[in-house]
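Chains A, B, C and D are the protein sequences, given in the same order.
Position 214 (the first sequence) corresponds to 214 in the UniProt record's numbering; numbering is contiguous.
Position 255 (the second sequence) corresponds to 255 in the UniProt record's numbering; numbering is contiguous.
Position 257 (the third sequence) corresponds to 257 in the UniProt record's numbering; numbering is contiguous.
Position 73 (the fourth sequence) corresponds to 73 in the UniProt record's numbering; numbering is contiguous.
Please keep in mind that the hints were generated in silico from the structure rather than gathered at the bench.
Hints may be right or wrong, so weigh each one.
[Stated by the list, open to error] Straight-line alpha carbon distances no greater than 20 Å define the calculated SDA-like cross-link-like pairs of lysine to any residue that follow:
# : chain 1 : residue 1 : chain 2 : residue 2
1 : A       : Lys239    : C       : Gly45
2 : B       : Lys239    : B       : Val199
3 : D       : Lys156    : C       : Asp217
4 : D       : Lys35     : D       : Leu129
One-letter residues, chain by chain:
4 protein chains.
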Amino acid sequence: MKVAFIGLGVMGYPMAGHLQRAGLAVTVYNRTIAKAQAWVAEYGGAFAETPAAAAATADIVLMCVGNDDDLRAVSLGSDGAVAAMRQGTLLVDHTTASAEIARELHASCAAAGIGFLDAPVSGGEQGALNGQLTIMCGGDESAFTEARSVLDIYAKQLRWMGPAGSGQLTKMVNQICIAGLLQGLSEALNFATRAGLDVEEVVAAISQGAAQSWQMDNRHATMAAGSYEHGFAVDWMRKDLAICLGEAERNGASLPVTALVDQFYKEVQQMGGSRWDTSSLLARLDK
Amino acid sequence: MKVAFIGLGVMGYPMAGHLQRAGLAVTVYNRTIAKAQAWVAEYGGAFAETPAAAAATADIVLMCVGNDDDLRAVSLGSDGAVAAMRQGTLLVDHTTASAEIARELHASCAAAGIGFLDAPVSGGEQGALNGQLTIMCGGDESAFTEARSVLDIYAKQLRWMGPAGSGQLTKMVNQICIAGLLQGLSEALNFATRAGLDVEEVVAAISQGAAQSWQMDNRHATMAAGSYEHGFAVDWMRKDLAICLGEAERNGASLPVTALVDQFYKEVQQMGGSRWDTSSLLARLDK
Amino acid sequence: MKVAFIGLGVMGYPMAGHLQRAGLAVTVYNRTIAKAQAWVAEYGGAFAETPAAAAATADIVLMCVGNDDDLRAVSLGSDGAVAAMRQGTLLVDHTTASAEIARELHASCAAAGIGFLDAPVSGGEQGALNGQLTIMCGGDESAFTEARSVLDIYAKQLRWMGPAGSGQLTKMVNQICIAGLLQGLSEALNFATRAGLDVEEVVAAISQGAAQSWQMDNRHATMAAGSYEHGFAVDWMRKDLAICLGEAERNGASLPVTALVDQFYKEVQQMGGSRWDTSSLLARLDK
Amino acid sequence: MKVAFIGLGVMGYPMAGHLQRAGLAVTVYNRTIAKAQAWVAEYGGAFAETPAAAAATADIVLMCVGNDDDLRAVSLGSDGAVAAMRQGTLLVDHTTASAEIARELHASCAAAGIGFLDAPVSGGEQGALNGQLTIMCGGDESAFTEARSVLDIYAKQLRWMGPAGSGQLTKMVNQICIAGLLQGLSEALNFATRAGLDVEEVVAAISQGAAQSWQMDNRHATMAAGSYEHGFAVDWMRKDLAICLGEAERNGASLPVTALVDQFYKEVQQMGGSRWDTSSLLARLDK
Ligand SMILES: NC(=O)C1=CN([C@@H]2O[C@H](COP(=O)(O)OP(=O)(O)OC[C@H]3O[C@@H](n4cnc5c(N)ncnc54)[C@H](OP(=O)(O)O)[C@@H]3O)[C@@H](O)[C@H]2O)C=CC1
Ligand SMILES: NC(=O)C1=CN([C@@H]2O[C@H](COP(=O)(O)OP(=O)(O)OC[C@H]3O[C@@H](n4cnc5c(N)ncnc54)[C@H](OP(=O)(O)O)[C@@H]3O)[C@@H](O)[C@H]2O)C=CC1
Ligand SMILES: NC(=O)C1=CN([C@@H]2O[C@H](COP(=O)(O)OP(=O)(O)OC[C@H]3O[C@@H](n4cnc5c(N)ncnc54)[C@H](OP(=O)(O)O)[C@@H]3O)[C@@H](O)[C@H]2O)C=CC1
Numbered sequence: 001m002k003v004a005f006i007g008l009g010v011m012g013y014p015m016a017g018h019l020q021r022a023g024l025a026v027t028v029y030n031r032t033i034a035k036a037q038a039w040v041a042e043y044g045g046a047f048a049e050t051p052a053a054a055a056a057t058a059d060i061v062l063m064c065v066g067n068d069d070d071l072r073a074v075s076l077g078s079d080g081a082v083a084a085m086r087q088g089t090l091l092v093d094h095t096t097a098s099a100e101i102a103r104e105l106h107a108s109c110a111a112a113g114i115g116f117l118d119a120p121v122s123g124g125e126q127g128a129l130n131g132q133l134t135i136m137c138g139g140d141e142s143a144f145t146e147a148r149s150v151l152d153i154y155a156k157q158l159r160w161m162g163p164a165g166s167g168q169l170t171k172m173v174n175q176i177c178i179a180g181l182l183q184g185l186s187e188a189l190n191f192a193t194r195a196g197l198d199v200e201e202v203v204a205a206i207s208q209g210a211a212q213s214w215q216m217d218n219r220h221a222t223m224a225a226g227s228y229e230h231g232f233a234v235d236w237m238r239k240d241l242a243i244c245l246g247e248a249e250r251n252g253a254s255l256p257v258t259a260l261v262d263q264f265y266k267e268v269q270q271m272g273g274s275r276w277d278t279s280s281l282l283a284r285l286d287k
Numbered sequence: 001m002k003v004a005f006i007g008l009g010v011m012g013y014p015m016a017g018h019l020q021r022a023g024l025a026v027t028v029y030n031r032t033i034a035k036a037q038a039w040v041a042e043y044g045g046a047f048a049e050t051p052a053a054a055a056a057t058a059d060i061v062l063m064c065v066g067n068d069d070d071l072r073a074v075s076l077g078s079d080g081a082v083a084a085m086r087q088g089t090l091l092v093d094h095t096t097a098s099a100e101i102a103r104e105l106h107a108s109c110a111a112a113g114i115g116f117l118d119a120p121v122s123g124g125e126q127g128a129l130n131g132q133l134t135i136m137c138g139g140d141e142s143a144f145t146e147a148r149s150v151l152d153i154y155a156k157q158l159r160w161m162g163p164a165g166s167g168q169l170t171k172m173v174n175q176i177c178i179a180g181l182l183q184g185l186s187e188a189l190n191f192a193t194r195a196g197l198d199v200e201e202v203v204a205a206i207s208q209g210a211a212q213s214w215q216m217d218n219r220h221a222t223m224a225a226g227s228y229e230h231g232f233a234v235d236w237m238r239k240d241l242a243i244c245l246g247e248a249e250r251n252g253a254s255l256p257v258t259a260l261v262d263q264f265y266k267e268v269q270q271m272g273g274s275r276w277d278t279s280s281l282l283a284r285l286d287k
Numbered sequence: 001m002k003v004a005f006i007g008l009g010v011m012g013y014p015m016a017g018h019l020q021r022a023g024l025a026v027t028v029y030n031r032t033i034a035k036a037q038a039w040v041a042e043y044g045g046a047f048a049e050t051p052a053a054a055a056a057t058a059d060i061v062l063m064c065v066g067n068d069d070d071l072r073a074v075s076l077g078s079d080g081a082v083a084a085m086r087q088g089t090l091l092v093d094h095t096t097a098s099a100e101i102a103r104e105l106h107a108s109c110a111a112a113g114i115g116f117l118d119a120p121v122s123g124g125e126q127g128a129l130n131g132q133l134t135i136m137c138g139g140d141e142s143a144f145t146e147a148r149s150v151l152d153i154y155a156k157q158l159r160w161m162g163p164a165g166s167g168q169l170t171k172m173v174n175q176i177c178i179a180g181l182l183q184g185l186s187e188a189l190n191f192a193t194r195a196g197l198d199v200e201e202v203v204a205a206i207s208q209g210a211a212q213s214w215q216m217d218n219r220h221a222t223m224a225a226g227s228y229e230h231g232f233a234v235d236w237m238r239k240d241l242a243i244c245l246g247e248a249e250r251n252g253a254s255l256p257v258t259a260l261v262d263q264f265y266k267e268v269q270q271m272g273g274s275r276w277d278t279s280s281l282l283a284r285l286d287k
Numbered sequence: 001m002k003v004a005f006i007g008l009g010v011m012g013y014p015m016a017g018h019l020q021r022a023g024l025a026v027t028v029y030n031r032t033i034a035k036a037q038a039w040v041a042e043y044g045g046a047f048a049e050t051p052a053a054a055a056a057t058a059d060i061v062l063m064c065v066g067n068d069d070d071l072r073a074v075s076l077g078s079d080g081a082v083a084a085m086r087q088g089t090l091l092v093d094h095t096t097a098s099a100e101i102a103r104e105l106h107a108s109c110a111a112a113g114i115g116f117l118d119a120p121v122s123g124g125e126q127g128a129l130n131g132q133l134t135i136m137c138g139g140d141e142s143a144f145t146e147a148r149s150v151l152d153i154y155a156k157q158l159r160w161m162g163p164a165g166s167g168q169l170t171k172m173v174n175q176i177c178i179a180g181l182l183q184g185l186s187e188a189l190n191f192a193t194r195a196g197l198d199v200e201e202v203v204a205a206i207s208q209g210a211a212q213s214w215q216m217d218n219r220h221a222t223m224a225a226g227s228y229e230h231g232f233a234v235d236w237m238r239k240d241l242a243i244c245l246g247e248a249e250r251n252g253a254s255l256p257v258t259a260l261v262d263q264f265y266k267e268v269q270q271m272g273g274s275r276w277d278t279s280s281l282l283a284r285l286d287k
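If we strip away everything but chain A, and leave its shape as in the complex, we get:
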């Protein structure tokens, strides 16, 4: 099977690598060509100079770029993938983007006889490197069935969530959970420190009960150490929260704490924390 992979960032680079290693014939495209060349040097396969060139001969085209605008550029822009793709092929988008652009791409693809899945991921750089991502898919169930065997290569968990946009909506639910949770955790750890408690001991005591969270388990130690140079960046989080807040305008959901925490993240950006892990909400309180 011939595969094109568009966008070799922190996530896309290793994801595309897993596909090539699994024996698929992968052609990559990356805006900055050096990264595509490095990828070919590391994994073999081929690279193309435009999304269209990469997509032209592919049975399935996968994308992982930054945001809605980037996505529009590589898929629908001039030299974009969609116009080059053959009928009966599949386009899968791993970018965390809006549900609206997912629906727009689904419609454009449908008109061209191409299947489309919005398939944002979670699991971070680590999940991409280990091929242990969670992939939440929206689109036609038949397209999901077809794409399965390819996506499984880097998935720990792979799920069809409903019609076009449902993958993105699911990812939004994920991010909304995290914002409030991390602010609560940050207030708690800040309180613990000021109360003179040993954070490690406190977490050992409470991490098997009602206060437990993945973030507590996986981030308390770096938070206690004030170390944020890792993980999922505040800038990405704010991009995602803007998508959530925008979608909530359409569905009417009230997001008071999410909106508030989003402003707190802006304060983290102002502190120089644009690339810090999302757990750096604690840094605001520690100032």
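Please build the complex by placing chains B, C and D with the ligands on the supplied structure of chain A, with the hints as guidance.
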């Protein structure tokens, strides 16, 4: 060993029962005597008509009442336990109360040659029934060592956190984590429903990653069903958050989201949700 | 002097009327032609069928439409005003819109030898009817000097705030003040009612001191009566707050309470309050 | 008429002075005797060594101390005023305190045949110095009628608000208004500065419309200058907000933004701003 147990509420009743079943000679005291009589009918042991009477012959006295005022009444009030206890015995308090009263009781006990531990628990009614509580202890480490074998009878986890008050402070950290976390989860599930997603599927997709929490695992189904007649009551949560906010006045921790969510809980109370589970923050958004 | 006025809504209709009454030769344009015809029937003057037609012979073109998109349509779209205007004329925009589109229009006009002012207003329907608006202008000071005599016709206060966009930025400051202020006032009046106080008496007592505000003076009576069918609509306010929050992304200002109150306004919309006055934040608390 | 004045702080000192200057025979009491001596040196009159001694011969006793505890000490404590007062006399409290203690004092006084008014003030140090305070009274209307002529000496406005506690409740409404309002104003001025606007010009433009407030009129200049060494101290404000939040527990009012801003004030305290004016919320955002 002779044990006194003061306060046979939802938590204390089964906790005292575990001690008696484990072969200790338990004398219980409860303000409403009928409950003490029921307890004796169920478990054997004895009951006393005052805290002092229960405590007089005990090697270790355990308390689990409602709040600071209740605690002061049964321990330091007339017919309270402390005045009746013998030198060299131990007083252990399982009430979720302030760190201040813990320090006050520790000092009163020290003056009387009695060891004291503040030992709030988490794990809820279920944990009390199953003898699977987490117990966070503050006080002298020697008192902790002495009390261990008794407390282990109903503990899943038992930890010494530091000097007097440290058990209560640890419990506060636990509650602060939960407030923000549950508001985030509520906003997320409300969003999911309005977005037309299947909550069960969404949770299946995201509950192994960065958004995961004990509350998500254990409460999403009841939340999606709008069922709140179980669990840890909003009234209790607000009592605990008041303690957290009060202690934060002393240590200077800023708790913006905790304070905000505490007001949201008040709105839940106004909706008739005083006895609902803490996950009922969702009910506000669903109105 | 020949004047074109584009957009005969709640605000534009009476504003254009003042100009015609003051003796200027006004040609109006409105998307829905019936309103333009009604205006001519009421005031005299002329109407045109496109913005371009209205603008072609004008010395000064004034616009007052809904939002950025509307503005782009009537100014830069096909049959838009800018392409039809002669060199040396002036374009003035009264829409509450983004600073970005103000800068974009300023640049397009400059390239065509046209002066441009962003000139959002405050004072509401009443101010438009009475010709008592506050007008905050951004753009070249020379353009401001030229436009003065025309704008003065419906102004109580007219100010040049700085370069292109400064009028809009000033209006944003205005709206940010109002959001937090009205939530505070709503919490206070809700508290007063629940405390059994007479709101009228309370306001009489406190409205000459540190708690005083225009909103307290002018809205307490309708708020106490639960009457919101008047004033500045929640939908407009949310449009404006979205502009504020967007601009704050660029300048880095943290707007925690503004963002939170914006979500509360969404809840008012969900209650059916899209057209209610901004003081209807109280209705959320009164539920 | 013989008057006693208890508490010669920033407020009480000049208030008592106005009474003496108006020709009343004033005996003062202050815990720190040096201040009472300084007062007598400045105004004449007499000082007493206990509240009881000052109150014993007075027709009307006025108090202005810090908080509930202080108030209980000087009125009901040993050597307190109440026990010393004669039947048919009046006790008036100017402290900003809880409605509960007002009701408690009203009841104690009633039992002793003494009239009682809770009569908190607004207007600040300036108002006290100029005798231009707003006084909000709760208690029996007959007591209000009797006290009028004395209170008028330092009042700009004097109002009877209802039964015991109503003066305090009215003052709470005042403080709740201010918290949200000042946070909104702070966000707005911070935004203005970051947007490159001239704050003085902005305020000139918007201060006659819907965004206007006493705080905007009277504090924008010091806020823009980052000068907070004046006005009503953050520590006092937090004492008052704690009273508001406490009372709201009883009447069920939800105070989300008030509770949030109260935490922001705590951050100001942590920045060293305990004595800064309440407008120093801006300092948090300017960091
Ligand atoms: N990082 C993480 O932990 C996670 C990220 N995500 C999401 O995955 C997506 C990718 O993230 P990540 O890999 O970290 O991002 P990176 O910034 O590392 O990579 C972005 C990729 O997109 C390409 N790109 C951006 N804009 C354009 C454009 N206009 N035209 C062509 N190519 C473009 C970049 O090309 P170039 O190399 O030329 O800049 C690069 O290959 C984002 O939506 C992110 O939110 C999801 C889960 C976890
Ligand atoms: N109402 C108020 O109290 C205040 C309003 N403002 C601001 O002033 C502006 C106007 O408000 P208001 O007059 O109340 O609004 P209205 O909704 O009453 O009027 C809007 C006007 O814009 C026209 N319009 C909208 N979209 C287009 C388009 N795409 N092409 C052509 N014309 C269009 C409408 O035409 P049509 O008749 O065909 O729909 C109508 O004339 C807004 O930006 C508002 O925020 C500022 C201060 C106070
Ligand atoms: N300052 C302001 O702008 C405003 C203040 N208020 C309110 O007025 C009240 C007084 O404020 P202010 O005058 O500024 O406060 P100060 O701190 O300047 O004065 C407090 C007074 O209370 C006395 N006092 C405190 N505790 C006791 C006690 N246990 N026994 C005896 N006397 C005691 C102090 O005595 P000593 O001299 O011995 O310390 C002092 O005379 C407060 O409730 C405040 O909230 C209201 C409006 C404005």
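Quick rundown of the hints versus the structure:
1. A:Lys239 with C:Gly45: violated (50 Å)
2. B:Lys239 with B:Val199: violated (31 Å)
3. D:Lys156 with C:Asp217: holds (18 Å)
4. D:Lys35 with D:Leu129: Roughly 16 Å between the alpha carbons, so the hint for D:Lys35 and D:Leu129 holds.
Hint compliance for this structure: hints 1 and 2 are not met, and every other hint is.
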